[in-house]
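Please model the entire structure based on the sequences and the hints provided.
There are 2 protein chains.
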Amino acid sequence: MTRAPRDIEDLIDLMARLPGLGPRSARRAVLQLIKKRGQLLIPLADAMQSVAVSARECITCGNVGTTEICEICTAEKRAIGEICVVEDVADLWAMERAAVFKGRYHVLGGTLSALDAVGPDELRIPHLVARVQEEEVSEVILALNATVDGQTTAHYIAEQLEPLGIAVTSLAQGVPIGGELDYLDDGTITAALRARKAM
Amino acid sequence: MTRAPRDIEDLIDLMARLPGLGPRSARRAVLQLIKKRGQLLIPLADAMQSVAVSARECITCGNVGTTEICEICTAEKRAIGEICVVEDVADLWAMERAAVFKGRYHVLGGTLSALDAVGPDELRIPHLVARVQEEEVSEVILALNATVDGQTTAHYIAEQLEPLGIAVTSLAQGVPIGGELDYLDDGTITAALRARKAM
Numbered sequence: 001m002t003r004a005p006r007d008i009e010d011l012i013d014l015m016a017r018l019p020g021l022g023p024r025s026a027r028r029a030v031l032q033l034i035k036k037r038g039q040l041l042i043p044l045a046d047a048m049q050s051v052a053v054s055a056r057e058c059i060t061c062g063n064v065g066t067t068e069i070c071e072i073c074t075a076e077k078r079a080i081g082e083i084c085v086v087e088d089v090a091d092l093w094a095m096e097r098a099a100v101f102k103g104r105y106h107v108l109g110g111t112l113s114a115l116d117a118v119g120p121d122e123l124r125i126p127h128l129v130a131r132v133q134e135e136e137v138s139e140v141i142l143a144l145n146a147t148v149d150g151q152t153t154a155h156y157i158a159e160q161l162e163p164l165g166i167a168v169t170s171l172a173q174g175v176p177i178g179g180e181l182d183y184l185d186d187g188t189i190t191a192a193l194r195a196r197k198a199m
Numbered sequence: 001m002t003r004a005p006r007d008i009e010d011l012i013d014l015m016a017r018l019p020g021l022g023p024r025s026a027r028r029a030v031l032q033l034i035k036k037r038g039q040l041l042i043p044l045a046d047a048m049q050s051v052a053v054s055a056r057e058c059i060t061c062g063n064v065g066t067t068e069i070c071e072i073c074t075a076e077k078r079a080i081g082e083i084c085v086v087e088d089v090a091d092l093w094a095m096e097r098a099a100v101f102k103g104r105y106h107v108l109g110g111t112l113s114a115l116d117a118v119g120p121d122e123l124r125i126p127h128l129v130a131r132v133q134e135e136e137v138s139e140v141i142l143a144l145n146a147t148v149d150g151q152t153t154a155h156y157i158a159e160q161l162e163p164l165g166i167a168v169t170s171l172a173q174g175v176p177i178g179g180e181l182d183y184l185d186d187g188t189i190t191a192a193l194r195a196r197k198a199m
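Residue numbers (our numbering), protein chains in the order written: chain A, 1 to 199; chain B, 1 to 199.
Some hints could be false.
In silico DSS-like links for lysine-lysine, alpha-carbon gap of 30 Å or less [unchecked claim]:
no., chain 1, residue 1, chain 2, residue 2
1, B, Lys102, B, Lys35
2, A, Lys36, A, Lys77
3, B, Lys197, A, Lys77
4, B, Lys197, A, Lys36
5, B, Lys36, A, Lys35
6, B, Lys35, A, Lys77
7, A, Lys35, B, Lys35
8, A, Lys35, B, Lys102
9, A, Lys102, B, Lys35
10, B, Lys77, B, Lys102
11, B, Lys77, A, Lys35
12, A, Lys197, A, Lys102
Since the hints were made in silico from the structure, they are not lab data.
In structure tokens:
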């Protein structure tokens, strides 16, 4: 079988390592790039080069940005007293899309996982404890995923923060907006029933 | 809502224009790129830059390569007498994966489409007719997609080539290997029945 020339195959192999693209769709994407050299391929190469130079992790919260301390941590309007703990930057962005939280964040960089040998020190958990001690924090909101690892991590963090005497809360669990009971799993229905509220 | 810094949003917007990636998965891909700056982001930027410089269309067949005439057209081992006509380079690659065709190709660059105002001149069809007249071609195999536009284009090309007195064939239609009748559409079953063969 004749493969595409070396350069192009190398690009396909790299593209196939992106989440959401497999080998077949990476091929399609590369053909598209070559077809749209001026509008897409060259701007994309430039944008990657520039992000490779400029992107960095915020030293305070672990968010991705282009400055030593990210825009959220430096924003004067945002409450200093509330820290929302998320697993990774994608979750931080999801929270920001909802545009309802006005405090600051702490990105763990994953969850505790015995299987993958991820302990608290791999996760910026000690950093969170130090932040709570140093800054004037009144509440830590644990916005971890509702998975086993996420909830294990939430409980571990709650334990670590307990001696510091601040409020530690977590996102409510229940029926998602627009959700139909018939399509929800038993766990969600159980959680929603247990946390039922007066109308 | 706080968005990611300009550089990063620009990269996300460009990534979202790739086929197979939407806005949400482009975000995920960009976070992955930033996380793997050394192993993925920088090599990918370099590979794109290099393809942007080197990639070009073969002047004979329209395949994508890094030379004026592509590897397939210059390969001595490949039959000169057979030309396989495909819609685009992805289809050429699909044919090559099957590793069964030993002739050369002609990439149309699309299909005739009244809706999108694509006529024969947009498609390298005149170029195909010229090739057949100039080269020692004995057979043109139309390997166009089994869609309405693909088949319309195949019929048009067959008409154009008729006066030249060479064999014009097309891929067989029927039950795909591993296909189960129960899951096939009526059109495929009809085509397979009409083209039935003695055992």
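Each hint tested on the structure:
1. Lys102/B with Lys35/B: Answer violated: Lys102/B to Lys35/B is near 44 Å, above 30 Å.
2. Lys36/A with Lys77/A: violated (42 Å)
3. Lys197/B with Lys77/A: violated (76 Å)
4. Lys197/B with Lys36/A: violated (45 Å)
5. Lys36/B with Lys35/A: holds (27 Å)
6. Lys35/B with Lys77/A: Satisfied, since the Cα-Cα distance of roughly 29 Å is no more than 30 Å.
7. Lys35/A with Lys35/B: Holds, at about 29 Å.
8. Lys35/A with Lys102/B: holds (26 Å)
9. Lys102/A with Lys35/B: holds (26 Å)
10. Lys77/B with Lys102/B: Cα-Cα ~8 Å, so holds.
11. Lys77/B with Lys35/A: Holds, at about 29 Å.
12. Lys197/A with Lys102/A: holds (25 Å)
In summary, the structure is inconsistent with hints 1, 2, 3, 4 from the numbered list given earlier, while agreeing with the others.
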